[in-house]
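Dock chain B against the given chain A, drawing on the hints supplied.
So the sequence lines, in the order shown, correspond to chains A and B.
Residue 193 in UniProt numbering sits at position 193 of the first sequence, with consecutive numbering throughout.
Residue 372 in UniProt numbering sits at position 372 of the second sequence, with consecutive numbering throughout.
Since the hints were made in silico from the structure, they are not lab data.
On a predicted model such as this, the values are computed, not experimentally measured, just so you know.
Accuracy of the hints is not assured; some may be wrong.
Since copy identity is lost for identical chains, a pair holds within one copy or between any two.
Below, in silico cross-link-like pairs of lysine to any residue (SDA-like), each with a Cα-Cα straight-line distance of 20 Å or less [stated by the list, open to error]:
| # | residue 1 | residue 2 |
| --- | --- | --- |
| 1 | Lys124 | Glu145 |
| 2 | Lys55 | Pro95 |
| 3 | Lys336 | Pro95 |
| 4 | Lys124 | Asp144 |
| 5 | Lys330 | Ala290 |
| 6 | Lys373 | Ile243 |
| 7 | Lys225 | Lys336 |
| 8 | Lys316 | Gly224 |
| 9 | Lys353 | Ser389 |
Number of protein chains: 2
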Amino acid sequence: MALIVHKYGGTSMGSTERIRNVARRVAKWARAGHQMVVVPSAMSGETNRLLGLAKELSPAKPGDAYSRELDALAATGEQASSALLAIALQAEGMPSVSYAGWQVAIKTDSSHTKARIESIDDAKVRADLDAGKVVIITGFQGVDEGGNVTTLGRGGSDTSAVAIAAALKAHECLIYTDVDGVYTTDPRVVPEARRLLTVSFEEMLEMASLGSKVLQIRSVEFAGKYKVPLRVLSSFTDWDIDINVEAKSGTLISFEEDENMEQAIVSGIAFNRDEAKISVLGVPDTPGIAYQILGAVADANIEVDVIIQNIGKEGKTDFSFTVHRNDYAKAVELLKAQVLPKLGADEITGDAKICKVSIVGIGMRSHVGIASKMFRVLSEEGINIQMISTSEIKTSVVIDEKYMELAVRALHKAFDLDQPAG
Amino acid sequence: MALIVHKYGGTSMGSTERIRNVARRVAKWARAGHQMVVVPSAMSGETNRLLGLAKELSPAKPGDAYSRELDALAATGEQASSALLAIALQAEGMPSVSYAGWQVAIKTDSSHTKARIESIDDAKVRADLDAGKVVIITGFQGVDEGGNVTTLGRGGSDTSAVAIAAALKAHECLIYTDVDGVYTTDPRVVPEARRLLTVSFEEMLEMASLGSKVLQIRSVEFAGKYKVPLRVLSSFTDWDIDINVEAKSGTLISFEEDENMEQAIVSGIAFNRDEAKISVLGVPDTPGIAYQILGAVADANIEVDVIIQNIGKEGKTDFSFTVHRNDYAKAVELLKAQVLPKLGADEITGDAKICKVSIVGIGMRSHVGIASKMFRVLSEEGINIQMISTSEIKTSVVIDEKYMELAVRALHKAFDLDQPAG
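So that you can see chain A by itself, here it is in the shape it has in the complex:
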């Protein structure tokens, strides 16, 4: 008997028939003797429907008061699905109770629409578990010090589930989703992509941030911080699959590096075509230049990903970085208006038609030549590399977006990811 947290995504909760299957699956786990806590997302489409209504009413630029109301609005989706799941469990003969974020309470800061969890009070939940109830806790939301409803931002239900698992010291947090695990890369691009049985927390972090959208990155960070064992698995297997089989399915995100870890040097290929690159050419090579450029960008709330500054020549240097494609025009405009005149740079150039491809693997730490093998493979395919960025467990390149699939397939094959792990 263990305390287990299940998290179900919007697709898994997408209809009463699916909610009933979730209830049956959870009841199966409870009847096997586990203490069960379930964190459901809103029914698929519901959050978009609600935010769509808000958008119809106010195209205005968000402010604090507006964000507060958006949170109050969006939080209702998970409250409804949690109550529905409790009702479905009761219909299966399983005692259950649902709690909204404020009822637990899940305390967050006051950053509406992107709040961070500060603490979770587990007293109520433990009492209910001890009384034999399945406890359902709304994902995606909490309450701030002032008693205002907050939300954690899109995908925040994953983070809620992990935070709750951490607070309750759960044995494992199972994230049920519409894919059956973490793959070496996107199977839509590489049909030979293989499901990983285990992946390290650090690799998962890189995979998530680089665009393998299986888990929300903040939930992985949280899991890493509190060492919550996470498992990603499919909610579309039959609900009455043998529980021992189910408990070992999907991909385990592990924190025990030396044990059960696959020994491949590279674990996966991540890619992302949501970015655009911007270069500030011929800026004076003086201290503080990075801050002067990126400070202005950050002030405009634009997130920057890859940042590269080359060694300067003749007192001048080139500075490049990538931003989300949606922020591209805004960032270029901003730099031309504010940074170009002030810094006396030569030129701002950019390109939105790029993509980022990364190889990720904990094995890279202790293996030399992995990056150079990557560059050789790309060169053999005639792909020009525009930017390079490396860390201990990943190497990323920015290339023309038209080569993305070609690059991913070539790298997947070159690093033997289509072969079962040794």
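Chain B in isolation, oriented as in the chain A frame:
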């Protein structure tokens, strides 16, 4: 400048376009210098949609745990519409904030799905009003001592609005709905029906309970208890109608009997075809008989309306009452199984094809002969009266339902309700 509470029904909140018009109307009142509190219902259809999902998941007989989840589910409808209205007000340039029942807090007892308000904490609301904000408070819901979300039952938003108006000692509570006031009778039955400019609280109570479904009866009781001036008016007039005209439109439910009160003896004709009559014939005329019959009915959660017991003859009496038509079969079955054998009554008879027609008027108190005039009018139309029940301000008769329209029209004319009040 005054503190005004507006309440908007589901139809008035039925689309983003309508919510925008509500926001404009409220903003107009706020700009005229009033402190504004708004209580919106869920968007029309939303509560039914949510409860429909619950029904799909659990046809089971409600219990406490189930009712608790139903409340958590249903309460989300008002939370969403409140946040949307706050957003719409902000888009109109009007500072606003929305609160769920638990945030205010509106404390209720723990009778899920039909909770009663116990107290309202007005501190937050007053602070926001003083800061120049429009305060939106979800209708229909509250929170119990254990921190569970409760709902007040169907139509509970009216009650919320009145309770909030009472707690804030509001100048007036305006109930915006899809009709433009309280009429002398239903205009669909009598085209000459006239809107009442004012109606007394007691008359309104009789009109509401007798089937003029303009206001939820509990809200009228609440208004009476706390002397909250209530106005029923239409939300489908143009939002930018002159505020002085709007403030005098609709029907005022007044507590100041001698002032501005229309002097008609009879204020309106109410009717109701949702009832059925049941008679227990030949019961022993002994003390406790009423309790033995109606106790069994009440235990089965069946509400009883008109109750009549005639003087007994030869130690036996007949006992008649009306129930909602939906409960008719259940009540008859129950009486036959439990009451007939125990009491040794002769027979249980009943009729579902009846209706109740009532004349209501505060003027009846001081005018003799009103009831007899009613009986004469019905007799002139050849309508047989099956049951009679009277109180200080109303006289009700039960007749064959096929005569309902005829009776209502004849009484409406006979009591000069188609003529402007003198």
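Do the hints match the structure? See the list:
For the identical chains of this complex, Lys124 and Glu145 are neighbours both inside a copy (19 Å) and across copies (14 Å), given an alpha-carbon limit of 20 Å. Taking identical chains as interchangeable, the C-alpha atoms of Lys55 and Pro95 lie at most 20 Å apart only when they sit on different chains, with a minimum of 18 Å there against 39 Å within one chain. Neither within a single protomer nor between protomers do Lys336 and Pro95 lie at most 20 Å apart by alpha-carbon distance, with minima of 62 Å and 36 Å respectively. When the C-alpha separation of Lys124 and Asp144 is checked against a cutoff of 20 Å, the pair qualifies both within a copy, at 18 Å, and between copies, at 15 Å.
Proximity of Lys330 and Ala290 under a CA criterion of 20 Å is satisfied intra-copy only: 19 Å inside one chain copy versus 80 Å between copies. In this homomeric assembly, Lys373 and Ile243 never come within 20 Å of each other (Cα to Cα): the closest approach is 42 Å inside a single copy and 77 Å across copies. In the homo-oligomer, the alpha carbons of Lys225 and Lys336 never lie at most 20 Å apart, since the shortest distance is 40 Å inside one protomer and 67 Å across protomers. In the homo-oligomer, the alpha carbons of Lys316 and Gly224 never lie at most 20 Å apart, since the shortest distance is 41 Å inside one protomer and 81 Å across protomers.
For a Cα distance limit of 20 Å, the shortest separation of Lys353 from Ser389 inside one copy, 18 Å, qualifies, whereas the shortest one across copies, 82 Å, does not.
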